[in-house]
Amino acid sequence: MLKSIVFGGTKGFGESILIQYDKEKFGIIDSFINQKTKRPCVLDFIEEENINPEWIKFIVLTHYHQDHFTGIAQVLSICTNAFFYTSNSLVSKNFQLLIAAHSTIESKHNFFREFEEIVNILKSTNRKIKVLSDSSKYIINEQGIKISSLSPNQDTYDYLDSCYKQAAKDIVENNNIKLQIGKKFNFQSVVILVESTETCILYGSDLEYSESSSEIGWEAIIKKGVISKIKFDLFKIPHHGSLNGYNKKDWVNFMNDGGIFNITPYSRGRSRLPKTEMIKNVLAISKEAYITSTISYEKIPSNLRKKLKGLDIKRLSNDIGQIEVNLSTSDLSNKIVLKGKAKRLAI
Amino acid sequence: MEDFNLNSVACAIEDAPSEKLNEEQENVIDVTFQIENKWEGVVVDIDGEIVYSKMKEVSSGDDYEYNFKKKDVPSDDRPLITEGALFNFYSGYQVKGKTRKNSRIIKFRRQLNTPKTIDAILDKMNAMGIADLIEKH
Chain A
8 MLKSIVFGGT
18 KGFGESILIQ
28 YDKEKFGIID
38 SFINQKTKRP
48 CVLDFIEEEN
58 INPEWIKFIV
68 LTHYHQDHFT
78 GIAQVLSICT
88 NAFFYTSNSL
98 VSKNFQLLIA
108 AHSTIESKHN
118 FFREFEEIVN
128 ILKSTNRKIK
138 VLSDSSKYII
148 NEQGIKISSL
158 SPNQDTYDYL
168 DSCYKQAAKD
178 IVENNNIKLQ
188 IGKKFNFQSV
198 VILVESTETC
208 ILYGSDLEYS
218 ESSSEIGWEA
228 IIKKGVISKI
238 KFDLFKIPHH
248 GSLNGYNKKD
258 WVNFMNDGGI
268 FNITPYSRGR
278 SRLPKTEMIK
288 NVLAISKEAY
298 ITSTISYEKI
308 PSNLRKKLKG
318 LDIKRLSNDI
328 GQIEVNLSTS
338 DLSNKIVLKG
348 KAKRLAI
Chain B
38 MEDFNLNSVA
48 CAIEDAPSEK
58 LNEEQENVID
68 VTFQIENKWE
78 GVVVDIDGEI
88 VYSKMKEVSS
98 GDDYEYNFKK
108 KDVPSDDRPL
118 ITEGALFNFY
128 SGYQVKGKTR
138 KNSRIIKFRR
148 QLNTPKTIDA
158 ILDKMNAMGI
168 ADLIEKH
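The listed protein sequences derive, respectively, from chains A and B.
The numbering used here applies: residue 8 is where the first sequence begins, and numbers increase by one.
The numbering used here applies: residue 38 is where the second sequence begins, and numbers increase by one.
Treat the hints with care, as some may be off.
Below, in silico cross-link-like pairs of lysine-lysine (DSSO-like), each with a Cα-Cα straight-line distance of 30 angstroms or less [unchecked claim]:
| hint | chain 1 | residue 1 | chain 2 | residue 2 |
| --- | --- | --- | --- | --- |
| 1 | A | K316 | B | K135 |
| 2 | A | K346 | A | K306 |
| 3 | A | K348 | A | K238 |
| 4 | A | K346 | B | K75 |
| 5 | B | K173 | A | K230 |
| 6 | B | K135 | A | K313 |
| 7 | B | K161 | A | K316 |
| 8 | B | K106 | A | K190 |
| 9 | A | K115 | B | K135 |
| 10 | A | K153 | A | K43 |
| 11 | A | K115 | B | K75 |
| 12 | B | K161 | A | K135 |
| 13 | B | K75 | A | K43 |
| 14 | B | K75 | A | K231 |
| 15 | B | K93 | A | K321 |
| 16 | A | K321 | B | K138 |
Covered, in the sense of this in silico footprint (three residues per stretch, anywhere, with C-beta under 8 angstroms from a C-beta of chain B), are these stretches of chain A [said to hold, decoys possible]:
| hint | segment |
| --- | --- |
| 17 | 104–112 |
| 18 | 210–224 |
| 19 | 268–279 |
| 20 | 321–330 |
No lab work stands behind these hints: they were computed from the structure.
Yeah, the Cβ is synthetic: ideal placement off N, Cα and C, and Gly gets one too.
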């Protein structure tokens, strides 16, 4: 049995994945909060579907970006049987210093505080931070299912640690603390490979191709050769379909005939993903491409409309979309189920 | 952004979260600003004079995108406009004498980071004890 459910939010912020690999065995990759229920989206689903939280065997935090980790501490507190895994680059001394420095800032936007909560939950439940890299053991290896990490490698760890060191130095020497998104944090990403005797899945997290080095990012994975002979039936597109996560030759090689693409949207400042160019790229490889939702807005509440009149201000919608792919069936009508705001990818 | 004694009012509001300026401040600037709604914002992108931000409305938790011009920000705060900078945005009304009109204020936050804070950060890092939890897999 192998089923994948990808969740995403209409506000263009949030990605979470639930994998079912046996009747009572599941894993979670990343988390985000459903603003309507104020709970992790994946926990809402588990409750609705009467999935026993004890059946969650692993939780992977792929990298430290807010759209992938909010609510992870809550997920850990409910799923007490699950082992917790994360990227090797999240446990370096300099990253810990960044976390501690930023945790002093009082703000609803302070995403660094979640890490402290994760640590506290793990301590209170006597669990460890299991560190993943390109050379880790299998996360799962049982009953014909193998789940493993393909990244990051040692070069990436070293590269990121030098970035953290500079940021930490900036804090200590220049008293400079800002809630700045770590643009290099995408290289922390743990790419997950799922293999069964019948099918293979690639979850690309937010990993990018590096402009400056072929020793990190996607090129490092390709070079290592682990996936060179694998054809995927499902590929969760990396980094919401940004062009720096894409390589035509590699992607064509990745995909089986009729292989399925899943993608979640992203919105931040001027950046709206996926762009039309990327949607065309994806559809040129496979028409079986699905997005959890497009980015949408809601009306500003009537009591605020007059007060905000004349400003360039929009209220983001809080709906959720989910793409369920049942990889154990060949019946196309049951293979893909779209719920909420999920839809076929289209221009 | 409306044109009034914004800098004084904004600074006063930062010091007086009780939603009404105290008597002494009122006497100095002769303006009160009554807060009705508050958002916490963060700058996510800057393109020349245009600032892109995300905001959370404090009472509802709703998310907003707010794009504004640097010139809409009080001059004292403009040097603080960088990616990652935090600000508060208030809507309400100002009362001047017998006149009352809808108004908005944006106020950037200053980060006070003393050597004492640095020591506290290092202490906090050690206290978190992450190193003890790490297990190579």
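Check: What are the numbers of the hints that this structure violates, sorted from low to high?
Finding: Numbers 4, 7, 9, 10, 14 and 18 - these are the hints that the structure violates, sorted from lowest upward.
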